[in-house]
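A.B. asks: Residue strings, one per chain:
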Amino acid sequence: MYCVYGHNVSEDAVAALCRAGWNARSLAGGFEGGQDGVDAADAIAQWRACPPISCVKRPDWGVTGERASRWITRERPKVDRIACPWLIRRFIDPRAEFIYVPTAQVFAEAARLQAVAYDIPGAPVSHAGERCSFDALLQGFDLKDAALDLLATIVRAADTDRLDLAPQAAGLLAMSLGLSRLHNKDDQAILDAAMPLYDALYAWCRDRVIAQDEPHNWKPETMTGTQA
Amino acid sequence: MDTQKPSVFSISPLEFNARLGRADAPLVLDVRREARFAESPRLLAGAVRCAPEDVAILDRCIKAA
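These protein sequence lines are chains A and B, in that order. This note's numbering puts the first sequence at residues 1 to 228. This note's numbering puts the second sequence at residues 1 to 65.
Derived by calculation from the structure, the hints in this document are not laboratory data. We put the beta carbon where it would ideally sit given N, CA and C, even for glycine. Mixed in with the good hints there might be a few duds.
Claimed, not checked - A short, non-exhaustive set of chain B residues, derived as facing chain A with CB atoms under 7 Å: (1) SER12; (2) ASN17; (3) ILE57.
What the hints assert, rightly or not - A few chain A residues facing chain B, derived, Cβ under 7 Å: (4) VAL4; (5) ILE53; (6) GLY65; (7) LEU179.
As the list claims (entries may be wrong) - Pair ranges (Cβ atoms, derived): (8) ALA51/B to PRO167/A: 39 to 49 Å; (9) ALA170/A to GLU34/B: 32 to 42 Å; (10) GLU34/B to ALA68/A: 40 to 50 Å; (11) GLU15/B to ALA15/A: 14 to 24 Å; (12) GLU34/B to ARG76/A: 37 to 47 Å; (13) GLU34/B to ASP161/A: 40 to 50 Å; (14) GLU34/B to ASP213/A: 20 to 30 Å; (15) ALA20/A to ALA35/B: 18 to 28 Å; (16) ALA35/B to GLY21/A: 48 to 58 Å; (17) PRO121/A to PRO26/B: 47 to 57 Å; (18) ALA200/A to ALA51/B: 15 to 25 Å; (19) GLU53/B to ALA68/A: 19 to 29 Å; (20) GLN105/A to GLU15/B: 19 to 29 Å.
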């Protein structure tokens, strides 16, 4: 949990939850990374060098953190219509609800259910040029994470028939089509089955990005004590 | 951040980010005071709002949809 600076508000809340049996932790530095003149300068600098991943609130899309958002798209999802729910559930709104309906009903049902239509032409979240709905979500929520950017390239490649963009896309496409075949009458079952697939792919993207970043993080002045 | 207090009940942004994007990610609660929450345009990734005075009734806060 987090408050503004990671001081008393979240500490008191953590203490209350721990007393109630929760394994609660407060985020060091809170939302702002600490308070100038109160917290140690090096701790503030450390927070700002690697801030926690955040997104913008989108009240127009029902995302403010206060209640569950609702999303609707065409039935028979393959890549983008599974990748988007994964992104929303893991990085935007863990309580989000996802609905799949026949193409002709998407906008009528979106209005009736107060859901956000996505991955269909004319929807607030959809393809734009070469970029797919997953890209549109990253941009629309201002999510900044190198591993998510790499995942977005793989999703875009698999979803827009541009397998040359990322070698992993061919595998993702094959798995997606296979899941669609296995659960050919149940779109929610496809989503449930695909969640661990995307968790795994994102974990791989994270490792890949961290490995690529290592040369940039090579700081000999901080490593002198570790020499054998 | 506050070096005067034990850090056993806090996690760094680096640890926080490493726990995201997976089924066993922690529940992220935004417990900023109401005015600061309302004026802020952002949330941490996947955060669920729970006003500090509602922490005591957390179950209700989580289940409210």
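A.B. asks: Give a verdict on every hint.
C.D. replies: Consistency of the hints with the structure:
1. SER12: holds (5 Å)
2. ASN17: holds (5 Å)
3. ILE57: With a closest approach of 10 Å, the ILE57/B hint is violated.
4. VAL4: holds (5 Å)
5. ILE53: holds (4 Å)
6. GLY65: holds (4 Å)
7. LEU179: violated (17 Å)
8. ALA51/B to PRO167/A: 39 to 49 Å: holds (47 Å)
9. ALA170/A to GLU34/B: 32 to 42 Å: violated (49 Å)
10. GLU34/B to ALA68/A: 40 to 50 Å: With a Cβ separation near 20 Å, GLU34/B and ALA68/A fall outside 40 to 50 Å, so the hint is violated.
11. GLU15/B to ALA15/A: 14 to 24 Å: holds (20 Å)
12. GLU34/B to ARG76/A: 37 to 47 Å: holds (43 Å)
13. GLU34/B to ASP161/A: 40 to 50 Å: Cβ of GLU34/B to Cβ of ASP161/A: about 48 Å, so the range 40 to 50 Å holds.
14. GLU34/B to ASP213/A: 20 to 30 Å: The hinted range 20 to 30 Å is violated for GLU34/B and ASP213/A, with Cβ atoms some 38 Å apart.
15. ALA20/A to ALA35/B: 18 to 28 Å: Given range 18 to 28 Å: holds, Cβ gap about 26 Å.
16. ALA35/B to GLY21/A: 48 to 58 Å: violated (30 Å)
17. PRO121/A to PRO26/B: 47 to 57 Å: violated (37 Å)
18. ALA200/A to ALA51/B: 15 to 25 Å: Distance hint for ALA200/A, ALA51/B is violated at roughly 36 Å.
19. GLU53/B to ALA68/A: 19 to 29 Å: The hinted range 19 to 29 Å holds for GLU53/B and ALA68/A, with Cβ atoms some 22 Å apart.
20. GLN105/A to GLU15/B: 19 to 29 Å: Once the Cβ atoms are compared, 44 Å apart, the range 19 to 29 Å for GLU15/B and GLN105/A is violated.
Consistency with the previously given hints fails for numbers 3, 7, 9, 10, 14, 16, 17, 18 and 20, ordered from lowest to highest.
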